[in-house]
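With the hints as your guide, set chain B onto chain A.
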Amino acid sequence: MLAPELKKTLIKYLVIYKAFIKASAIAEIEFRLNFIMRIFNDIIWYAAQIFTFEVLFRHTKLIGSWDIYQTRVFLGVLFIIDAFYMIFLQENLDKFSEKVRKGELDLLLTKPVNSQFMISFQRVSVSCFGNLMIAFGWFIHSLLQLQDVSWGRVLWIFLLIPCGFAILYSIRFAIAALSIILVRADNLQFVWYQLYRLGMRPDSIYLRWLQIIILTILPVGLIASVPARAILDPPEFWVYAWSILAAPLALILTSQFWKFALTKYQSASS
Amino acid sequence: MSFTAFCRRNLGFFKLAVASNLEYRLNFLIDSTVQPLVSSVVEMVLWMAIFKGAQAVEIAGFTQNYYLAYALWATFVARITVNWMYEFRMIEEIDTGSINGLLIRPMSYFEYYLSQLLGYKFITTIISFIFPVIFISLLELPTVWTRLPAALVLIFYYLIFVYGMSFCISSLAFFFNKVNSLTVTKNLALWLLTGELFPLDLMPENIKNFFLALPFSCGVYIPVGYITGRIDHSVLLHGFKTTTIGLIIVSVLGFFLWRKGVRSYAGTGA
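Protein sequence lines, in the order shown, are assigned to chains A and B. Mapping to this note's numbering: the first sequence position 88 is 88, numbers consecutive. Mapping to this note's numbering: the second sequence position 35 is 35, numbers consecutive.
Treat the hints as calculated values from the structure; they're not laboratory data. Source: prediction; values computed, not measured. Backbone N, C-alpha and C fix where the C-beta goes; we use that ideal spot for every residue, glycine too. Please note that the accuracy of each hint is not assured.
[Claimed, not checked] Straight-line distance between alpha carbons at most 25 Å, and here's what the computed SDA-like set of lysine to any residue pairs gives:
hint : chain 1 : residue 1 : chain 2 : residue 2
1    : A       : Lys95     : B       : Ser98
2    : B       : Lys52     : A       : Ile68
3    : A       : Lys22     : B       : Lys178
[Claimed, not checked] To be clear about the criterion: a stretch of chain A counts as covered by chain B if any three or more of its residues have a C-beta under 8 Å from a C-beta of chain B, and this derived list gives those stretches:
hint : segment
4    : 44 to 57
5    : 196 to 203
Excised from the complex, chain B in its bound form:
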C-alpha cells in the first residue's frame, strides 16, 4: 500500500465528515456555536459575580478581564477537544454488529474514524472560533494572537490522544456490549481535569501540579492559558510532552484491546 493511497483515502474520510456534518446545518450551527456561546455567557457572568463578591481587582494575580477571556476561550476549545458523537457511533457499531461492513474494507477502523473526527473538528474550529475572536476583539480581552497557531497545534495533537481514549473505550464494547456510560464517565472526568470549569491555577498548589502532570490539562487549561497569557512557553512544551506520553499509553492499550476484541468478536448482527 503506497503512502499516497493512504493519504488520499484518509482525505476522503476527512471530507466525508465535513460534508456529512454540514448536511444538517441547523444541527451543526447549534453544536459549533450556540452551545459554546450560551455556556460562555454563563461562565463569564459567574466570573463577574465572583469579582463583585471578592471586591478585589485581582484573583490569583489576574484581573477580571483575564478570567473573562479564559471563560470565553475555554468553552469553545472544550467543544473541540471532546469526543461524544464518534465514540457513541463506534460503540454502537461494535454492539450491533454493523462494524462488519467496515471490517471487510481495505482500511483500518482506527484511521477511518480518526480522519473523520479530525475533519469534523476542523470544520467546527473554523466556524466556531469566529465568535471568540470577535468577542475578544470587541471587549478588548487579553489574548496573545501570535500564540494562537501553537495552541491550535496542541489542541489537535491532544485530539488524537482523545481519539485514542475513545478507541480504547469503544474496543471494550467487544467484551461488555453496552459501554456508553463509560463515555459519559470519561467526558465528565475530563470536564473537571481539563480546566474547563475554572483555570487550574486557582487550585491548591499540590493539586494543580498533579493535574498539570496529566495530559488532560492540554484539553483546555494549557492552550487557553497560553493564548490568554496566563502561562508561558515552557508549560506549552510540557503539554506536548505529557500528551505524547498519554498517546503512547492509549495507543498500546488500544492495540491490545482491539486485537483481543476482534479475536473474540462473534459478528453479532451480521
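The following block holds chain A by itself, in its conformation from the complex:
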C-alpha cells in the first residue's frame, strides 16, 4: 500500500498530466493541416523502414541472425517504442534547446512541480495515438506470420518494452539537457537521431565490439533489439536482467545529470 504522502504526490502529477493532455489536444487540433500531416509523417517513416528491409531481403536470406519474418517482428517492437516516444517525449525534448535559448525554461523552473517532469512531459502528441495502433497492428501481423512463436515468451515484452522506453527517454533527455551547458547546440540534438539509428537496426548485425557498446555504455541496443530477441531468440536471461537493471539506473543517472546541468544554467531571459 502506498504511503499517504506518496499517494498524494502521485495524484497531483496525474491531475497535472491530465491537464497537459487536454491542453495539447486543443493546441494540436487548432491547426488541422499540421495535425493530419503529423499522422501521415509517421506512416511514411514506418513505410520507409519496412520498404528498406523488404527490398534488402530480396537479395539475402539473413541480415545479422534474423530472416525477413523475424526482422518484421523487430520492426514491430521498434514501431511500438517509437510511437510511445512520439506521443510522450518527442515534442518536449526536441524543443528543449529552443526553450533554453529563449529563456522559457525559467518559467518552468519556477513552478512548484518537478522541473524534469515539466520539461519532459508538458506536451502530448495526440495525433500520434493513431501511430501506436498502426504499430501494434504491424507487430501482431508480423507475429502471426512467424512459424514457431512461443506466446509465453511474448509476455517478456510487457517488461522489456517499458525498460527500453525508459532507456530511450534517459539517453534522449541527457542529450537534450546538454543544451543547458552548451547553449547553442541545436545540431547536437540531431546527433541523437544518428545514435538512435544504431538502435533501429537489429543488434546482431554489428561487430561484436560495437554490439557490446550498444548494450552497455550507449545502451540503444536495449531499446528494441533486446525485447525482440526475447521473442525471437533462445532465452538470454542475463541480457533481460541487465535491461531491467539498466532502466532504473539510467533514470537515476539522468536525474542526477539534470540537477548538475541546472547548476550551470544561466537564464537567457534575465
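Below, chain B alone, put in the same frame as chain A:
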C-alpha cells in the same frame, strides 16, 4: 537594377550564410561531419551484415566495396541536398510576421534565402567532403574521381530545385500558418525517393524506373551512383533533364503561391 548590383547583393547573402553558420563552430561541425559520419558507419555495417547473410560475392552485380562506397557517399551527399533549417526559418517568418522586415527591402525574398542556402551548402560541402575522400582513399573503395565535378554540379543544380520546393511549402504558411509538418513529410518522402536508404537499382525494375523518372533521384542515387561507377553518363544527363522539368514546375507553382499568399497576407505581428 543592374546585373552587377544583383550579383553583389546575392554574394553578400551567400557570405552572410557562411559567416553565420561558422559562428557556432561546434554546431556546424556536428551538422556537417559528425551526423553523416555516424550515419555512414551504421549503413556500412548494415551492408557488411547483408553480404555476410547472403554469403555472396555480388549483389545485383556489385561487390561489397561498391555498397560501402555508396553508403559512405550517400549520407554525405544527402546532407547537402536536404533543406530543413532555412525552410523552417521561412515558415516561421511568414507565420509570425517577421517577414515584414524583409518584404520592404529592395530584394526578393526568393533570392535572399536561395543565396543563403547555397552559401551554407557550399561551406558544408567543402568541410564535410573531406571525410568521404579520406575514407574512400584509405579503404580503397570504388570511386571515379574524375566524375566528382559533374556530380557536384548536379547536386547543386538539384539543390535549387529543393529550394523551389521549400519556397512552395513556405508560401503555404500564408494560408495555413502552421505548416512545419509539411516540411517533415517532404523530407521523409525524399529520404525514400532519393535513394539514401539503399541504391535504387536494388528495387524491382518497374519501381526503379518510376523512381528514376522523378527528379528526386538526383538527390542521392544519381550523383552517388555516378561517382561510384554504378551508372553511366546517360543516367547523369537524364538527371539534369528531370531536375530541369522539376525546377520549372516548382518555379511556376512557387510564383503563384507566393503572389496569392502575399496578396492575402495581413501582416500579422507587424
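We went through each hint and held it up to the structure:
The hinted pair formed by A:Lys95 and B:Ser98 meets the criterion: a straight-line CA distance of about 20 Å does not exceed 25 Å. Pair hint B:Lys52 plus A:Ile68 holds up; C-alpha atoms about 15 Å apart against a cutoff of 25 Å. A threshold of 25 Å between alpha carbons decides the hint, and for A:Lys22 with B:Lys178 the separation of about 20 Å falls inside it, so the pair holds. Look at the segment 44 to 57 of chain A against chain B: 8 of its residues bring a Cβ nearer than 8 Å to a Cβ of that chain, three or more, so the hint holds.
For the segment 196 to 203 of chain A, the proposed coverage by chain B is satisfied: 3 residues have a C-beta within less than 8 Å of a C-beta in that chain, meeting the threshold of three.
Of the numbered hints listed earlier, not one is contradicted by the structure.
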